[in-house]
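Peer 1: Protein chains in written order, with my numbering: chain A, 106 to 469; chain B, 106 to 469; chain C, 106 to 469.
Because the hints were derived from the structure by calculation, they are not lab data. Keep in mind that the hints are not guaranteed to be accurate.
Any copy will do: because identical chains look the same in the list, a pair fits if it lies in one copy or spans two.
Said to hold, decoys possible - Cut-off 35 Å, straight-line C-alpha distance, at most; resulting in silico cross-link-like pairs (DSBU-like, lysine-lysine): (1) 423 <-> 467; (2) 467 <-> 143; (3) 275 <-> 191; (4) 454 <-> 320; (5) 275 <-> 437; (6) 454 <-> 143; (7) 454 <-> 437; (8) 454 <-> 423; (9) 465 <-> 422; (10) 423 <-> 191; (11) 454 <-> 191; (12) 465 <-> 143; (13) 275 <-> 467; (14) 467 <-> 454; (15) 191 <-> 437; (16) 422 <-> 191; (17) 191 <-> 467.
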Amino acid sequence: MPVLLSAEQAPTLEQLLSFLQTQGLQAQLVDQTAASIKIQGIGSLQNAGGTEISFLSNPQWRTQLTTCQAAAVIMTAADYQSLSDKPPYAVVLFEQPYLMYALLAQWFDQSRIQTLPTGIHPTAVIDPSASIADDVHIGPHCVIEAHVTIGAGSRIGAGCVIGNASSLGKNALLHAGVKIYHQIQIADRVILHSGCVIGADGFGFAPHPEGGWAKIAQIGSVRIGNDVEIGANTTVDRGALDDTVIADGVKLDNQIMVGHNVHIGTQTAIAACVGIAGSTQIGARCIVGGAAMISGHLQICDDVQISGGTAVTSSIKKPGRYSGVYPYAEHKDWQYNAAVISQLSQLRKRVRDLERHDQKQKHK
Amino acid sequence: MPVLLSAEQAPTLEQLLSFLQTQGLQAQLVDQTAASIKIQGIGSLQNAGGTEISFLSNPQWRTQLTTCQAAAVIMTAADYQSLSDKPPYAVVLFEQPYLMYALLAQWFDQSRIQTLPTGIHPTAVIDPSASIADDVHIGPHCVIEAHVTIGAGSRIGAGCVIGNASSLGKNALLHAGVKIYHQIQIADRVILHSGCVIGADGFGFAPHPEGGWAKIAQIGSVRIGNDVEIGANTTVDRGALDDTVIADGVKLDNQIMVGHNVHIGTQTAIAACVGIAGSTQIGARCIVGGAAMISGHLQICDDVQISGGTAVTSSIKKPGRYSGVYPYAEHKDWQYNAAVISQLSQLRKRVRDLERHDQKQKHK
Amino acid sequence: MPVLLSAEQAPTLEQLLSFLQTQGLQAQLVDQTAASIKIQGIGSLQNAGGTEISFLSNPQWRTQLTTCQAAAVIMTAADYQSLSDKPPYAVVLFEQPYLMYALLAQWFDQSRIQTLPTGIHPTAVIDPSASIADDVHIGPHCVIEAHVTIGAGSRIGAGCVIGNASSLGKNALLHAGVKIYHQIQIADRVILHSGCVIGADGFGFAPHPEGGWAKIAQIGSVRIGNDVEIGANTTVDRGALDDTVIADGVKLDNQIMVGHNVHIGTQTAIAACVGIAGSTQIGARCIVGGAAMISGHLQICDDVQISGGTAVTSSIKKPGRYSGVYPYAEHKDWQYNAAVISQLSQLRKRVRDLERHDQKQKHK
Chain A
106 MPVLLSAEQA
116 PTLEQLLSFL
126 QTQGLQAQLV
136 DQTAASIKIQ
146 GIGSLQNAGG
156 TEISFLSNPQ
166 WRTQLTTCQA
176 AAVIMTAADY
186 QSLSDKPPYA
196 VVLFEQPYLM
206 YALLAQWFDQ
216 SRIQTLPTGI
226 HPTAVIDPSA
236 SIADDVHIGP
246 HCVIEAHVTI
256 GAGSRIGAGC
266 VIGNASSLGK
276 NALLHAGVKI
286 YHQIQIADRV
296 ILHSGCVIGA
306 DGFGFAPHPE
316 GGWAKIAQIG
326 SVRIGNDVEI
336 GANTTVDRGA
346 LDDTVIADGV
356 KLDNQIMVGH
366 NVHIGTQTAI
376 AACVGIAGST
386 QIGARCIVGG
396 AAMISGHLQI
406 CDDVQISGGT
416 AVTSSIKKPG
426 RYSGVYPYAE
436 HKDWQYNAAV
446 ISQLSQLRKR
456 VRDLERHDQK
466 QKHK
Chain B
106 MPVLLSAEQA
116 PTLEQLLSFL
126 QTQGLQAQLV
136 DQTAASIKIQ
146 GIGSLQNAGG
156 TEISFLSNPQ
166 WRTQLTTCQA
176 AAVIMTAADY
186 QSLSDKPPYA
196 VVLFEQPYLM
206 YALLAQWFDQ
216 SRIQTLPTGI
226 HPTAVIDPSA
236 SIADDVHIGP
246 HCVIEAHVTI
256 GAGSRIGAGC
266 VIGNASSLGK
276 NALLHAGVKI
286 YHQIQIADRV
296 ILHSGCVIGA
306 DGFGFAPHPE
316 GGWAKIAQIG
326 SVRIGNDVEI
336 GANTTVDRGA
346 LDDTVIADGV
356 KLDNQIMVGH
366 NVHIGTQTAI
376 AACVGIAGST
386 QIGARCIVGG
396 AAMISGHLQI
406 CDDVQISGGT
416 AVTSSIKKPG
426 RYSGVYPYAE
436 HKDWQYNAAV
446 ISQLSQLRKR
456 VRDLERHDQK
466 QKHK
Chain C
106 MPVLLSAEQA
116 PTLEQLLSFL
126 QTQGLQAQLV
136 DQTAASIKIQ
146 GIGSLQNAGG
156 TEISFLSNPQ
166 WRTQLTTCQA
176 AAVIMTAADY
186 QSLSDKPPYA
196 VVLFEQPYLM
206 YALLAQWFDQ
216 SRIQTLPTGI
226 HPTAVIDPSA
236 SIADDVHIGP
246 HCVIEAHVTI
256 GAGSRIGAGC
266 VIGNASSLGK
276 NALLHAGVKI
286 YHQIQIADRV
296 ILHSGCVIGA
306 DGFGFAPHPE
316 GGWAKIAQIG
326 SVRIGNDVEI
336 GANTTVDRGA
346 LDDTVIADGV
356 KLDNQIMVGH
366 NVHIGTQTAI
376 AACVGIAGST
386 QIGARCIVGG
396 AAMISGHLQI
406 CDDVQISGGT
416 AVTSSIKKPG
426 RYSGVYPYAE
436 HKDWQYNAAV
446 ISQLSQLRKR
456 VRDLERHDQK
466 QKHK
């Protein structure tokens with residue numbers, strides 16, 4: 106339902122398809138006369154209105170195609186052939202409707218949001234030794250410390266702090282209030298959301314013989330690759346001796362904790378509230394569900410999927426899906442079952458005793 | 106024990122009771138001569154001193170009534186009748202002592218905290234297109250972007266950022282360092298604590314045919330109703346296409362993660378560290394215990410209580426209490442039981458085999 | 106591998122050992138001719154280069170001693186005697202290599218990081234009633250409200266906010282963007298990392314007879330002892346009536362939630378993502394693993410270790426280690442076992458029936 110652009114600003118269907126072509130996506134319009142329709146926004150099959158484009162990404166929602174009010178719908182050839190009647194909307198054929206939706210949403214988002222002006226806000230505090238490319242935007246009340254470098258096209262929201270000698274690549278986007286400690290290396294096209302903290306000290310203490318803890322200074326750093334996105338209030342700690350590493354294309358959701366010396370492999374995606382303890386290595390193309398917890402010093406190989414809430418307490422050497430969350434129940438039922446859990450080894454012993462006795466009976 | 110006001114500033118018991126009357130609470134003083142006692146603060150039965158008021162909210166603490174040192178105690182008529190002797194403190198009769206305590210604590214809190222002056226601090230950066238009511242307080246180093254509207258009586262702490270075209274209702278209280286993204290709608294009397302982030306991008310990516318992830322721009326928004334309170338470092342993501350919605354009277358504690366397109370119904374209260382994955386709908390008047398995790402795309406009906414730590418992985422259609430946390434134990438005992446858990450289906454099979462054999466024996 | 110200092114800045118081995126002596130650590134050099142070797146940094150046995158010092162903290166890594174490329178290695182006498190050949194590096198004998206590493210890392214860290222200049226940045230907003238010691242550093246865009254006191258030698262990073270009447274002791278280090286509410290008391294040598302929030306309101310509401318929730322103003326405070334370190338984005342709520350207390354020497358990692366009126370005893374260390382609900386008391390010298398959740402109103406005695414991910418739902422009265430995390434498995438295996446968990450009490454009943462029947466058979 107969100108009509109994003111006014112009728113004057115809205116592109117025609119043809120213009121949208123041309124944009125997609127520049128992104129390498131070749132979509133087909135079933136009826137060429139629809140090319141001039143103006144598209145003001147994008148919506149779900151259920152909610153899209155008469156000036157919006159929608160998409161069918163899953164055959165299970167095919168029934169919604171008959172009631173959909175959109176101006177145009179993206180669908181696969183198979184879904185189109187499943188229609189018994191000619192639909193009232195324009196049909197755009199493409200084999201990956203979800204991907205096309207992703208790129209269209211990017212297009213509309215960029216069209217409606219005012220492009221941030223380049224330049225440094227007068228209230229920002231920039232150390233003279235910092236090296237900042239020409240077309241960068243630095244918002245109000247930012248602090249850029251000594252020897253920082255910021256690449257071309259980067260946009261830094263209000264109140265961000267970038268510590269001594271850290272570097273930020275090209276076309277980065279830091280939302281308001283990101284905190285980056287000293288000597289952190291961040292590559293190109295990285296997106297960091299508000300409240301995320303990169304490079305705080307890892308949790309390292311040695312027991313002191315006189316009692317208490319001696320702090321182990323964390324002299325490693327954090328290296329973040331290209332095209333990484335990190336969600337709001339996520340924290341990535343700096344390494345103890347070597348670096349914490351987030352490889353190219355990694356996507357981290359909100360409120361994730363990445364401990365010191367963790368390595369996360371390329372294109373791995375991790376949902377919110379996950380904690381990863383120190384020195385664990387996660388492979389490439391893994392998917393970790395929300396609120397999973399991963400112990401320290403583990404090795405998780407490439408192409409592993411971890412279900413939400415799972416506590417991973419040992420290394421995983423085989424690709425595949427792993428789970429471990431305890432099923433919930435109505436409180437009373439849960440109480441009965443929970444009581445048995447504390448006696449499981451006893452229960453197994455009772456079964457063993459029965460088996461032994463049963464065995465003896467047989468041999469009588 | 107915290108004596109909040111000096112003797113000169115302290116109200117009499119009568120003045121406090123008049124204030125409560127304006128709030129619709131009709132309390133009774135057992136002995137009218139106590140009306141002129143000065144009350145400097147509020148304390149627990151155990152710790153309240155001779156110039157403070159206390160309260161009994163639970164009959165199980167009745168024994169503390171005999172040793173309590175407070176100047177006055179709020180209790181129910183039943184609790185009062187349970188006393189064998191006339192107590193040394195003034196007795197205030199009211200059937201909901203806990204509610205009266207809540208309102209008295211508000212009164213004392215507001216009396217001791219300096220009212221923030223209205224006006225905009227000279228270091229705040231306010232876009233000229235923003236529309237700000239007259240008696241608003243905006244603290245140092247705030248950033249108010251273009252087309253923002255802020256209603257009468259709202260107080261914005263130091264270093265808050267409110268993004269392009271967002272709106273804030275009347276009498277809102279934003280503590281220092283709150284970050285609100287663009288186009289967010291927040292209603293009246295909302296309290297947001299430090300570090301909370303409203304409207305960051307939801308976690309949406311489409312797999313790209315050439316590998317990696319295409320970002321799905323999050324073009325929905327967040328709508329927050331009246332009287333909502335959101336705790337420190339909690340994050341509420343903006344919707345993908347439609348909006349994320351927090352209804353009137355919802356209370357969220359610290360470090361909660363609300364995913365994109367989640368709906369939370371009126372007056373639902375959620376304790377700290379809870380994660381709610383995308384598109385889940387939670388009904389009205391629910392109570393969710395701390396560190397619970399709720400999967401995405403679920404429907405949880407009204408009046409559901411979820412115990413702390415429970416992983417809710419399927420929809421809940423019946424009001425009531427649900428639980429699912431695994432009982433802990435001494436490490437050794439836990440090791441024995443945990444080992445059995447991995448063999449549960451095997452254990453069940455063994456029981457089945459025994460039953461079958463037992464059955465056969467019977468029929469011999 | 107991180108060479109931290111240039112050859113000119115690097116200390117000799119002898120200078121490092123003298124520094125350690127000032128810290129009460131008496132180490133011995135096996136071969137005095139090595140005293141003049143320049144040490145530019147510190148590294149792990151595997152990664153340290155020819156200008157760095159390393160250490161063996163665990164006999165299980167003894168095999169790495171034969172391939173280590175470091176300029177010098179710290180080890181125990183026993184580890185040294187285990188060597189069959191004279192190693193190519195200088196050997197420093199000390200019985201607690203890990204502790205020595207901790208102190209050396211501190212030394213190198215402080216040597217490389219530019220000492221923050223004392224003084225108040227001109228963009229900081231300081232209330233005239235605040236009392237600030239002479240040699241304090243206050244960074245850009247900080248806000249220090251009325252009646253705040255800050256002790257000698259403290260360093261406050263960019264964008265920190267310290268609320269009305271709060272006090273900070275000597276030699277504190279606040280990284281960028283820490284938010285401290287009003288009337289909070291913080292002692293000496295405390296380290297607070299970016300994004301941590303101290304003194305937000307505890308989660309307290311009384312059900313209102315007309316529906317919804319009445320806020321219980323949180324009129325207690327937070328008291329933080331000496332030598333406490335608190336990680337990035339951790340939140341410590343203020344007390345309802347009395348104070349939340351973090352005792353001397355406590356170490357809290359990132360993204361921890363400490364509820365109102367919690368007490369944490371001296372030298373207790375808590376790993377990331379732990380939630381502690383209101384009014385719980387944790388003893389001294391406890392260690393809590395990551396992502397553990399601790400219910401409210403519990404008492405946990407001194408010297409308790411809680412494994413990561415454990416849900417502690419009842420008080421612990423005996424020192425020792427406690428665990429409770431559910432073992433994960435490959436998804437299919439997990440599905441089989443999870444299904445049985447919901448039927449555990451039934452399974453126990455079936456075993457009981459078999460036992461009873463078995464008993465009868467015997468007595469026939």
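Peer 1: Taking the earlier hints as the rules, which of them does this structure contradict?
Peer 2: Violated hints: 1, 2, 3, 4, 5, 6, 9, 10, 11, 12, 13, 15, 16, 17; rest satisfied.
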